[in-house]
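Place chain B on chain A using the hints.
There are 2 protein chains.
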Amino acid sequence: MLETDQLSLNIPDTTKPRVVIIGGGFGGINVAKKLKCEDFQIVLFDRQNYHGFWPLLYQVATAGLEPDAIAEPLRKMFGSDDYEDFHFRLVKVIGIDPVMKTVSTLVGNLPYDYLVVATGSKSNYFGNDQVKKYSFPLKQIPDALNLRSQFLQCFEQASMTNDPEIKQSLMNFVIVGGGPTGVELAGALAEMRKHILPTDYPGMNFNNMNIYLVEGMDRVLPPMSPQASAKTQQYLEELGIDIRLNTLVESYDGNIATLKGGEQIRAHTLIWAAGVAGAMIDGLPEEAMERGRILVNQYNQVLGLNNIFAIGDIAFMKTDEYPRGHPGVAQPAIQQGKLLAKNLPKLKRGRPMEPFKYYDKGSLAIVGRNRAVADLPNDRHMSGFFAWVVWLFVHIMFLVGFRNKLVVLSNWIYRFFTYERGTRLIIRPFVRKGDRAKRKFINKYNAE
Amino acid sequence: MLETDQLSLNIPDTTKPRVVIIGGGFGGINVAKKLKCEDFQIVLFDRQNYHGFWPLLYQVATAGLEPDAIAEPLRKMFGSDDYEDFHFRLVKVIGIDPVMKTVSTLVGNLPYDYLVVATGSKSNYFGNDQVKKYSFPLKQIPDALNLRSQFLQCFEQASMTNDPEIKQSLMNFVIVGGGPTGVELAGALAEMRKHILPTDYPGMNFNNMNIYLVEGMDRVLPPMSPQASAKTQQYLEELGIDIRLNTLVESYDGNIATLKGGEQIRAHTLIWAAGVAGAMIDGLPEEAMERGRILVNQYNQVLGLNNIFAIGDIAFMKTDEYPRGHPGVAQPAIQQGKLLAKNLPKLKRGRPMEPFKYYDKGSLAIVGRNRAVADLPNDRHMSGFFAWVVWLFVHIMFLVGFRNKLVVLSNWIYRFFTYERGTRLIIRPFVRKGDRAKRKFINKYNAE
Chain A
1 MLETDQLSLN
11 IPDTTKPRVV
21 IIGGGFGGIN
31 VAKKLKCEDF
41 QIVLFDRQNY
51 HGFWPLLYQV
61 ATAGLEPDAI
71 AEPLRKMFGS
81 DDYEDFHFRL
91 VKVIGIDPVM
101 KTVSTLVGNL
111 PYDYLVVATG
121 SKSNYFGNDQ
131 VKKYSFPLKQ
141 IPDALNLRSQ
151 FLQCFEQASM
161 TNDPEIKQSL
171 MNFVIVGGGP
181 TGVELAGALA
191 EMRKHILPTD
201 YPGMNFNNMN
211 IYLVEGMDRV
221 LPPMSPQASA
231 KTQQYLEELG
241 IDIRLNTLVE
251 SYDGNIATLK
261 GGEQIRAHTL
271 IWAAGVAGAM
281 IDGLPEEAME
291 RGRILVNQYN
301 QVLGLNNIFA
311 IGDIAFMKTD
321 EYPRGHPGVA
331 QPAIQQGKLL
341 AKNLPKLKRG
351 RPMEPFKYYD
361 KGSLAIVGRN
371 RAVADLPNDR
381 HMSGFFAWVV
391 WLFVHIMFLV
401 GFRNKLVVLS
411 NWIYRFFTYE
421 RGTRLIIRPF
431 VRKGDRAKRK
441 FINKYNAE
Chain B
1 MLETDQLSLN
11 IPDTTKPRVV
21 IIGGGFGGIN
31 VAKKLKCEDF
41 QIVLFDRQNY
51 HGFWPLLYQV
61 ATAGLEPDAI
71 AEPLRKMFGS
81 DDYEDFHFRL
91 VKVIGIDPVM
101 KTVSTLVGNL
111 PYDYLVVATG
121 SKSNYFGNDQ
131 VKKYSFPLKQ
141 IPDALNLRSQ
151 FLQCFEQASM
161 TNDPEIKQSL
171 MNFVIVGGGP
181 TGVELAGALA
191 EMRKHILPTD
201 YPGMNFNNMN
211 IYLVEGMDRV
221 LPPMSPQASA
231 KTQQYLEELG
241 IDIRLNTLVE
251 SYDGNIATLK
261 GGEQIRAHTL
271 IWAAGVAGAM
281 IDGLPEEAME
291 RGRILVNQYN
301 QVLGLNNIFA
311 IGDIAFMKTD
321 EYPRGHPGVA
331 QPAIQQGKLL
341 AKNLPKLKRG
351 RPMEPFKYYD
361 KGSLAIVGRN
371 RAVADLPNDR
381 HMSGFFAWVV
391 WLFVHIMFLV
401 GFRNKLVVLS
411 NWIYRFFTYE
421 RGTRLIIRPF
431 VRKGDRAKRK
441 FINKYNAE
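Sequence order for the protein chains is A and B. Under this note's numbering, the first residue of the first sequence carries the number 1, and numbering increases by one thereafter. Under this note's numbering, the first residue of the second sequence carries the number 1, and numbering increases by one thereafter.
Isolated chain A (complex conformation) (with noise of 0.2 Å):
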């Protein structure tokens, strides 16, 4: 087996500044194209060989699309020759170290002359250990995957035993978290439950089948305008979802979730979409680190330090208009990443940086098959079917790659008129630390 210390980075030595991107999503990628190649080299680390638009990852774990709709690899995104000085490198990053100023992966070191920090949020659980191991997670494609499966699975399961207890926690999912993760999700499980299980599975009642949508503040899409979060619950409440605001999960041991105040929901399912905490990275100062994410001038410089810069969910900009930060959705990320790679250009020619404003251009959540709600720019609303269609315009603009945007459309179109859900196929992808007990049993099934 090939062992780690057998590999190098192997990133070729330049007279050129090196900029080191950590991190391939919305920001890292819009700092990676803007940046021009004659004036730096620019390296790109990250897990996984593909950007994910994560805005539509409930698509893949609702069987409405495979990954490759959703995911463009890296390396085709900087194929041309534009990037002849670019260089990608699938390595998880381990620290970094300001003072040597080098980054240190699992297989070696690397200096760097500007290190931009764009490693997104993940999963938090509050320290809550029990329910980060029996819960499923929807952040990467193979959680995605994982729970595509894990829902037909239950179906399967729930046909196959008469004890009604039993049938009854197969067909209820818990989605904790009202943000527009549980609430896209909950919604395409309702249209699931509307129009295709019920001919999939001839023999159950889909009646007794419950989607619970927990969240801990006083309304859904706490994010959005009231008036979204009003149209949102009434669209949830008229696809059959039991929606529990001011309500937290104060545990659950893969079978029971037990709610704050007691009441308990028997579930073989919960969807853990209530929290994200910055995906840190060791060896910045303490100093600069606030809620679990980076501090950050308006230029996107890390606290004290004029050659690291955080960008995207990872980055915490106090502004009077934001106070608590801006948003974690791919919008400031994206205007980050485009307003980095002009100022760095500046910044080595010693020139005055431009500060950050964000622009917000409004946001949108989709509820079931056909309706959506926005919040657009100048405290305009817009909910129905024509902020759905707007909603289905803006996802397509933004998707990236001709070929995801064509494979998409071509699959809603589809769906729009067949109501179908093609990608029906259980397959497990990596075991998860977390369920492996669960998977245990449920690969008895199917296993060689």
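Treat the hints as calculated values from the structure; they're not laboratory data. Please note that the accuracy of each hint is not assured.
Identical chains blur together in the list; that is why a pair holds if it fits in one copy or across any two.
[As the list claims (entries may be wrong)] Computed cross-link-like contacts, BS3-like style, restricted to lysine-lysine with a CA-CA straight-line distance of at most 30 Å:
| hint | residue 1 | residue 2 |
| --- | --- | --- |
| 1 | 92 | 167 |
| 2 | 92 | 133 |
| 3 | 260 | 405 |
| 4 | 194 | 33 |
| 5 | 194 | 34 |
| 6 | 346 | 101 |
| 7 | 405 | 194 |
| 8 | 133 | 342 |
| 9 | 16 | 167 |
| 10 | 167 | 194 |
| 11 | 36 | 194 |
| 12 | 92 | 338 |
| 13 | 338 | 361 |
| 14 | 194 | 361 |
What follows is chain B alone, placed relative to chain A:
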């Protein structure tokens, strides 16, 4: 956690004779599709919840297609009202009792009136456990996803080493078995080497990437005509594939493949497409087995058992024309399935059944991007671009599901003009016992 004893098959009682089908492959689905639910209750068992179009599996392994393009959910196939007494169960069958006329599964037993064994075949390592442990099979969708990730990770790692020996072993790919799978996989890999990898990995020299195709017989595609074999060999050589005929792999330890005669090839990846054995089921009489298959008469009745049938790859029907049984491809399975669906009602009514006569529609294999070979009925042969068009047409035609046809066709049109393969995503399926060691290392790179 649920345990298997908490589940039951849960098949409704019936006064109609019950047909139990084991396996949702080409044979099994054709029996189930053509049988009338007025006459029989139909129960289908499979360990997957989908029917796979295996002739295109190699395209999943080479980043050409996602699984949903070649797999159709079984419940979707049998969702219409024509199948009101059809019952699918996702469960592993562990044995048959011909005396008690019951099938036993992980979650209970089920009596049958007629039993159809359509379990197909599995990889045959001819008792070489070492090869089984370290090689990559290509029989199921998780295998293909696993192989896709393996290919890409080899290149990622090759880009991270200067050790010429390690680099070479990462860029050597040994395909064992010169049948359709091996040939089509080799061709697709060669096309990737030509059109995609050089732009994806600008720093690397892909003249050093070697694709070995090792075949034990004296020609590639032994099941096809000598003409087809000759043409195929010519095409493969034009694609720069290193063909070794009359050669066997004696051992493979994950690093070095030793061929009969002593030649050694350092290769990080060895794909085993050399042999298949019937996926046997416990409980059938010894005398009914030969060469890992089930002996059947001309009605596909298992030797000595008039209500148990075996069809497709697992069936061994000796005829004057096919003394060693029919070829292990889709057509015999499809034709035997359709005939059995006609014969079961006859058997039920005590009428004489119709003997099986294999109609050889010919066979096809694709080599690389736009060339193929074809053996047509009446000893006619075809090759080159036109044969490729026929191959395309036939494969689109036979794909199950309107949606699959659409997805595959649009993918191919897109790829034909762009040379692209959009699915270059490293996403690991569940860990296979075999290459856990390999995987553990690889996951160090991108695991949480």
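Here is what the structure says about each hint:
With identical chains, the CA atoms of residue 92 and residue 167 are at most 30 Å apart between copies only, with a shortest distance of 20 Å across copies and 42 Å within one. Proximity of residue 92 and residue 133 under a CA criterion of 30 Å is satisfied in both settings, with 23 Å inside one chain copy and 27 Å between copies. In this assembly of identical chains, the alpha carbons of residue 260 and residue 405 never lie at most 30 Å apart, being 43 Å within a copy and 50 Å across copies at closest. Taking the shortest alpha-carbon separations for residue 194 and residue 33, only the inter-copy value of 26 Å comes in at or below 30 Å, while the best intra-copy value is 43 Å.
For the homomeric pair residue 194 and residue 34, the shortest alpha-carbon distance between copies (29 Å) is at most 30 Å, but the shortest distance inside one copy (45 Å) is not. Proximity of residue 346 to residue 101 under the C-alpha cut-off of 30 Å is restricted to the intra-copy arrangement: shortest distance 20 Å within a copy versus 81 Å between copies. Taking identical chains as interchangeable, the C-alpha atoms of residue 405 and residue 194 lie at most 30 Å apart whether they share a chain (27 Å) or sit on different chains (26 Å). Neither within a single protomer nor between protomers do residue 133 and residue 342 lie at most 30 Å apart by alpha-carbon distance, with minima of 43 Å and 52 Å respectively.
In this assembly of identical chains, residue 16 and residue 167 lie within 30 Å of each other by CA distance solely across copies; the values are 28 Å between and 63 Å within a copy. Taking CA atoms no more than 30 Å apart as the test, residue 167 paired with residue 194 passes inside one copy only; the shortest distance there is 18 Å, against 53 Å between copies. For the homomeric pair residue 36 and residue 194, the shortest alpha-carbon distance between copies (28 Å) is at most 30 Å, but the shortest distance inside one copy (51 Å) is not. With identical chains, the CA atoms of residue 92 and residue 338 are at most 30 Å apart within one copy only, with a shortest distance of 24 Å there and 53 Å across copies.
In this homomeric assembly, residue 338 and residue 361 come within 30 Å of each other (Cα to Cα) only inside a single copy, at 15 Å, whereas the closest approach across copies is 58 Å. In this homomeric assembly, residue 194 and residue 361 never come within 30 Å of each other (Cα to Cα): the closest approach is 33 Å inside a single copy and 43 Å across copies.
Checked against the numbered hints above, the structure violates hints 3, 8, 14; every other hint is satisfied.
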